[in-house]
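> These are the residues of each chain, in order.
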Amino acid sequence: MIDPEISLADPPGTGPEGEELRRRVAGLVETSSDGEITAAEVLAGDGSFTALGVTSLTMLRLIDAIEEEFGVEIDLGGDPAFLDGLDPLVRHIIAVRAGAR
Amino acid sequence: MTAPVLGPAVSAGTFPGAPADTTGEASRRARSVAVASPQAVSAPAGGAVAAVEFAGERGGVAPLAWGQRSIWLAICRTMPDDHYFNFGRVVPLPAHPAQDVLAALAALVARHESLRTRLRAVDGDVCQEVARSGTLAVEIVAAARADAGRVAREMMDRLAGPAFDYHAEWPLRAGLVTCEGQVRYAVLVFCHLAADGLGADVAVRDLRALLRRGSAGDPVPRQPLDLAAEQAGPAGRRLSAAAIAYWEREYRRVPPTMFQAPAGPPREPRFWRAAMVSPALDTAVEVLSGRYRVSGTTVLLAGAAAMVGQAAAQRTCVMLPVVNNRFHVRDRDLVTPLAQDGLFVLDLGAETFEELLRAAWAASLRAYKHTRFDPLELRRAIEAIGAERGVEVHPYCCFNDQRLVERPRIAKVEHDPAATRAAVERTRITWPVRIDRLNCRFCLHVTDEPDGLGVSLTADTAFLPPAAMEGYLRGLERLLVEAACRGVVLADLPALTAG
Numbered sequence: 001m002i003d004p005e006i007s008l009a010d011p012p013g014t015g016p017e018g019e020e021l022r023r024r025v026a027g028l029v030e031t032s033s034d035g036e037i038t039a040a041e042v043l044a045g046d047g048s049f050t051a052l053g054v055t056s057l058t059m060l061r062l063i064d065a066i067e068e069e070f071g072v073e074i075d076l077g078g079d080p081a082f083l084d085g086l087d088p089l090v091r092h093i094i095a096v097r098a099g100a101r
Numbered sequence: 001m002t003a004p005v006l007g008p009a010v011s012a013g014t015f016p017g018a019p020a021d022t023t024g025e026a027s028r029r030a031r032s033v034a035v036a037s038p039q040a041v042s043a044p045a046g047g048a049v050a051a052v053e054f055a056g057e058r059g060g061v062a063p064l065a066w067g068q069r070s071i072w073l074a075i076c077r078t079m080p081d082d083h084y085f086n087f088g089r090v091v092p093l094p095a096h097p098a099q100d101v102l103a104a105l106a107a108l109v110a111r112h113e114s115l116r117t118r119l120r121a122v123d124g125d126v127c128q129e130v131a132r133s134g135t136l137a138v139e140i141v142a143a144a145r146a147d148a149g150r151v152a153r154e155m156m157d158r159l160a161g162p163a164f165d166y167h168a169e170w171p172l173r174a175g176l177v178t179c180e181g182q183v184r185y186a187v188l189v190f191c192h193l194a195a196d197g198l199g200a201d202v203a204v205r206d207l208r209a210l211l212r213r214g215s216a217g218d219p220v221p222r223q224p225l226d227l228a229a230e231q232a233g234p235a236g237r238r239l240s241a242a243a244i245a246y247w248e249r250e251y252r253r254v255p256p257t258m259f260q261a262p263a264g265p266p267r268e269p270r271f272w273r274a275a276m277v278s279p280a281l282d283t284a285v286e287v288l289s290g291r292y293r294v295s296g297t298t299v300l301l302a303g304a305a306a307m308v309g310q311a312a313a314q315r316t317c318v319m320l321p322v323v324n325n326r327f328h329v330r331d332r333d334l335v336t337p338l339a340q341d342g343l344f345v346l347d348l349g350a351e352t353f354e355e356l357l358r359a360a361w362a363a364s365l366r367a368y369k370h371t372r373f374d375p376l377e378l379r380r381a382i383e384a385i386g387a388e389r390g391v392e393v394h395p396y397c398c399f400n401d402q403r404l405v406e407r408p409r410i411a412k413v414e415h416d417p418a419a420t421r422a423a424v425e426r427t428r429i430t431w432p433v434r435i436d437r438l439n440c441r442f443c444l445h446v447t448d449e450p451d452g453l454g455v456s457l458t459a460d461t462a463f464l465p466p467a468a469m470e471g472y473l474r475g476l477e478r479l480l481v482e483a484a485c486r487g488v489v490l491a492d493l494p495a496l497t498a499g
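Those sequence lines, one after another, are chains H and S.
Using UniProt numbering, the letters of the first sequence map in sequence onto residues 1 to 101.
Using UniProt numbering, the letters of the second sequence map in sequence onto residues 1 to 499.
There could be a bad hint or two in this list.
[Said to hold, decoys possible] Quick partial rundown of chain H residues pointing at chain S, CB under 8 angstroms, derived from the structure:
no., residue
1, I37
2, L43
3, T50
4, T55
5, S56
6, L60
7, R61
8, V72
9, D79
10, P80
11, V96
[To be verified] Far from chain H, some chain S residues (derived; all Cβ distances over 10 angstroms):
no., residue
12, C76
13, R132
14, P234
15, R237
16, I244
[As the list claims (entries may be wrong)] Take a look, some chain S residues computed to stay more than 12 angstroms from chain H by CB distance:
no., residue
17, V49
18, A106
19, S133
20, A209
21, A242
22, R249
23, E250
24, A362
25, A367
Keep in mind that the hints were calculated from the coordinates and are not lab data.
Even for Gly, the Cβ is constructed at its ideal location relative to N, Cα and C.
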């Protein structure tokens, strides 16, 4: 489901849009990990999923949750470097949504 | 990724060459002659059989859910050796009177509809039919306390021996072992259509809860009948279509199969299993998992793929990992087979094992994301691609991590490479299984064993003779041990794993 409140006025991943998305994705990480990784932890560090101990299971659930929440398809073809951490993932979501419009 | 599936699981997904008789009717007729009653697994002399009446909330008929269909296709391909798919659990219990355990069993079967589901033939196909009520025969054997565990394990092996009569027999065989009048073990043997390994563990958990406090909690909100309805709906069809599109893209470009040419005449029986137990591999996988922050499953997938590339002279490895499909909370308590095949495609062009591991992680995510599909639709799609390419496309190469769910572990501070290498001396390989038919050429299973990590390879001896099977397993061990101890350049793999 597309959120019309989020615009592309700022460069991808920055500004109010990026901050809002970061918070929402961090919340999804918390849900997807059954609370083992909190949103605060995701937002506090450098956001590296590897450093946070994000498992593949959590990652799969996170991908499902992002697809459902933002109405986008996360294509894992090629090198999914955007799954390395919060900021690359947020930038990727913004880019995919921009491409879908 | 952790995608373990407990219990026996051969590749259970796509079978382009499945026999026309997908109802299993011919086999059923033949079996009915030999097995006169639905619970005709013979009890030992001196045993008693209790008739346990159960009654659930509802009955019903529905198409097979995707996981059931996957197993059914695999069973049809494996008949008459389909007893291969039976598996069981020996459940130690605090002392209970037999009547209490029998009542708990009745409640268990009432709670989980899959445990009272049989197949019904409909228009040349099969459906699942849930019985609202019925009677389960439970054998009860008395044993001396010192022998009870062994008697229970023997009971499980015996109950798991004959293939199920899928149309007539309940999909659960149960027995109790008593000592001095009290039950000390329950034995459960599952038809794979009723549960996968994780589902069986849910059933065991619920049996214990029913005995301990008379309840296993709230009723199960989704059962296989509901699952079948969801999968037939718009969301289910979208999910399946996306997964099948991924398989189609990959199947158009990958090598048609992994092991292309027979190495020689097959042995008799044709399919052998080499089972390795290796403490060194256990340490190596843990070290690599911690060092690179990936699951042990990913480490093993990467190593297994590299070794398949070498054994089969392939630059791309295609494997079908069995994926448990219990990613979401709503699916965790389902007693039904949810596992389906993933499609794992890994380009083996990396320079080092570390690089390969990174690529394997990404490839495994792609595989796991596309494991929920209608197996019949996928089979049709794959057959069409086979027709396009003029060759059957099927890797005949599968991977099944049957361990419990694990998390990445922090690398041991005190990893001693010399000790890890020395531990290789304690590795043991046995040959526990030889059968005539199997729907695959190469099946790798990973298990936790008391003495180390278990990796077994069940293979077609025409393509991998026993010496090559043993060489594969020892090579896999050496690759991962050396990767943990000093790092491995993949160009060195042939020399590293030779002899």
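> Against chain S, run the beta carbon of H:R61 and see if the smallest gap drops under 8 angstroms.
Since the shortest Cβ distance to chain S is 5 angstroms, the answer is holds.
> Beyond 10 angstroms on every Cβ pair: is that true for S:I244 relative to chain H?
holds (15 angstroms)
> Taking the closest pair, is the beta carbon of S:R249 still more than 12 angstroms from chain H?
At about 8 angstroms from chain H, S:R249 fails to clear the 12 angstroms cut-off, so the statement is violated.
> Is the interface hint satisfied for H:D79? The criterion is a beta-carbon contact with chain S at less than 8 angstroms.
holds (6 angstroms)
> With d taken as the least Cβ-Cβ distance between S:P234 and chain H, does d exceed 10 angstroms?
holds (14 angstroms)
> Does S:E250 clear chain H by more than 12 angstroms, comparing its Cβ with all Cβ atoms of that chain?
At roughly 10 angstroms from the nearest Cβ of chain H, S:E250 sits no farther out than 12 angstroms, so the non-interface label is violated.
> Measuring Cβ to Cβ, find out whether S:A362 lies farther than 12 angstroms from everything in chain H.
violated (5 angstroms)
> Would you check whether H:T50 satisfies its interface hint, that is, whether its CB is within less than 8 angstroms of any CB in chain S?
Because about 5 angstroms separates H:T50 from the closest Cβ in chain S, which is inside the 8 angstroms limit, the hint holds.
> Restraint: H:L60 near chain S, CB-CB cut 8 angstroms. Satisfied or not?
With a minimum Cβ separation of about 5 angstroms from chain S (threshold 8 angstroms), the hint on H:L60 holds.
> Under 8 angstroms is the threshold here; is the Cβ of H:I37 close enough to any Cβ of chain S for the hint to stand?
violated (11 angstroms)
> Would you say S:R132 is clear of chain H, with no C-beta pair closer than or equal to 10 angstroms?
The claim stands: S:R132 keeps its Cβ more than 10 angstroms from every Cβ of chain H (closest is about 35 angstroms).
> Verify the interface restraint on H:P80: the C-beta must sit less than 8 angstroms from at least one C-beta of chain S.
Hint on H:P80: holds, closest Cβ of chain S at ~5 angstroms, below 8 angstroms.
Going through the hint list in order, the structure does not satisfy hints 1, 2, 8, 11, 21, 22, 23, 24 and 25.
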